[in-house]
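S.K.: From just these sequences and the hints, can you work out the full model?
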Amino acid sequence: MKKLTLSFYQRPDVLKIARELLGKVLVTKLGPEGYRDETSGRIVEVEAYNGVVDKASHASGGRRTSRNEVMYGEGGISYVYLCYGIHHLFNVVTNRQETPHAILIRALEPIKGIDVMLERTGKKELDTSLTKGPGNVSKALGISFKQHSGLSLLSKEIFIAEDDFKLNKKDIIASPRIGVDYAGEDAKLPYRFFIRGNPFVSGSRQVNSR
DNA sequence: CATAGGATCGCCT
DNA sequence: GGCGATCCTATGT
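According to numbering that gives the first Met the number 0, the residues represented by the first sequence are 0 to 209, in order.
FYI, nobody ran anything at the bench for these hints, they're computed from the structure.
Since this is a predicted model, take the numbers as computed values, not measurements.
Incorrect hints may appear among the rest.
What the hints assert, rightly or not - Heads up, simulated DSS-like pairs for lysine-lysine below, C-alpha to C-alpha not over 25 Å straight-line:
hint, residue 1, residue 2
1, 2, 155
2, 165, 15
3, 169, 187
4, 54, 111
5, 165, 111
6, 187, 2
7, 1, 28
8, 111, 122
9, 165, 2
10, 168, 187
11, 2, 15
12, 111, 2
13, 15, 122
14, 111, 23
15, 28, 145
16, 1, 23
17, 1, 187
18, 155, 169
19, 54, 15
20, 155, 145
M.R.: Written out as structure tokens, the structure reads:
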């Protein structure tokens, strides 16, 4: 496995990067047990947020607050925030400084540390709900907004790597993003990408466009 | 200072 | 498919 480099994250096309994140492996090594608490999973569902011109983005219209400030940083860091008072949502910041592109990681297929993930989520056995949906992803991997927002994705605590897994382009499906109805016309943009037929993909409809 | 609402989830019917 | 949980953040006075 090799870590993705800054040059991967700092490219200008957030849609392309989002597609390329499918099949990569998100790894966290967090908690008191250090490396023993390693958890990882293959990314099977993402959503791209295209900066200031995207009404669904927290950075829409150049909005800049203490919460979303890290979106304006260099590509290759995390943006984690609290949603509905309960869920921590993990994003990858892309592009260069001052261009607030981000990609929400919505679902993983668990690879390592399933026992640790079960412990963190209070579940008894592995089923697809363990890492299906962005709230569950963060919970299983131990990611929280206070501790992990703005962290470098080249750090040893949180990073994304690639192994020899290959994904056929035909198995990538695009659809509108979920839960962004407030964004008007932009809610219809096909900025959600997922791996066809993967059981960990969230949502009831696996709508096909592309 | 007060208030409304959210890039969700899981349980209920 | 409907709804309550739960709390931080943004915004307005």
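S.K.: All hints, please: hold or fail.
M.R.: Structure-based check of each hint:
1. 2 / 155: With Cα atoms ~10 Å apart, residue 2 and residue 155 stay inside 25 Å; holds.
2. 165 / 15: Holds - the C-alpha atoms of residue 15 and residue 165 are around 16 Å apart, at most 25 Å.
3. 169 / 187: holds (22 Å)
4. 54 / 111: The hint is violated at about 36 Å.
5. 165 / 111: holds (19 Å)
6. 187 / 2: violated (33 Å)
7. 1 / 28: The given pair, whose Cα atoms are some 15 Å apart, holds under the 25 Å limit.
8. 111 / 122: holds (16 Å)
9. 165 / 2: The hint holds at about 16 Å.
10. 168 / 187: holds (22 Å)
11. 2 / 15: Status holds; Cα separation ~18 Å.
12. 111 / 2: holds (16 Å)
13. 15 / 122: violated (35 Å)
14. 111 / 23: holds (14 Å)
15. 28 / 145: holds (16 Å)
16. 1 / 23: holds (10 Å)
17. 1 / 187: violated (35 Å)
18. 155 / 169: violated (33 Å)
19. 54 / 15: holds (19 Å)
20. 155 / 145: holds (18 Å)
Comparing the model with each earlier hint shows violations of hints 4, 6, 13, 17 and 18; every other hint is respected.
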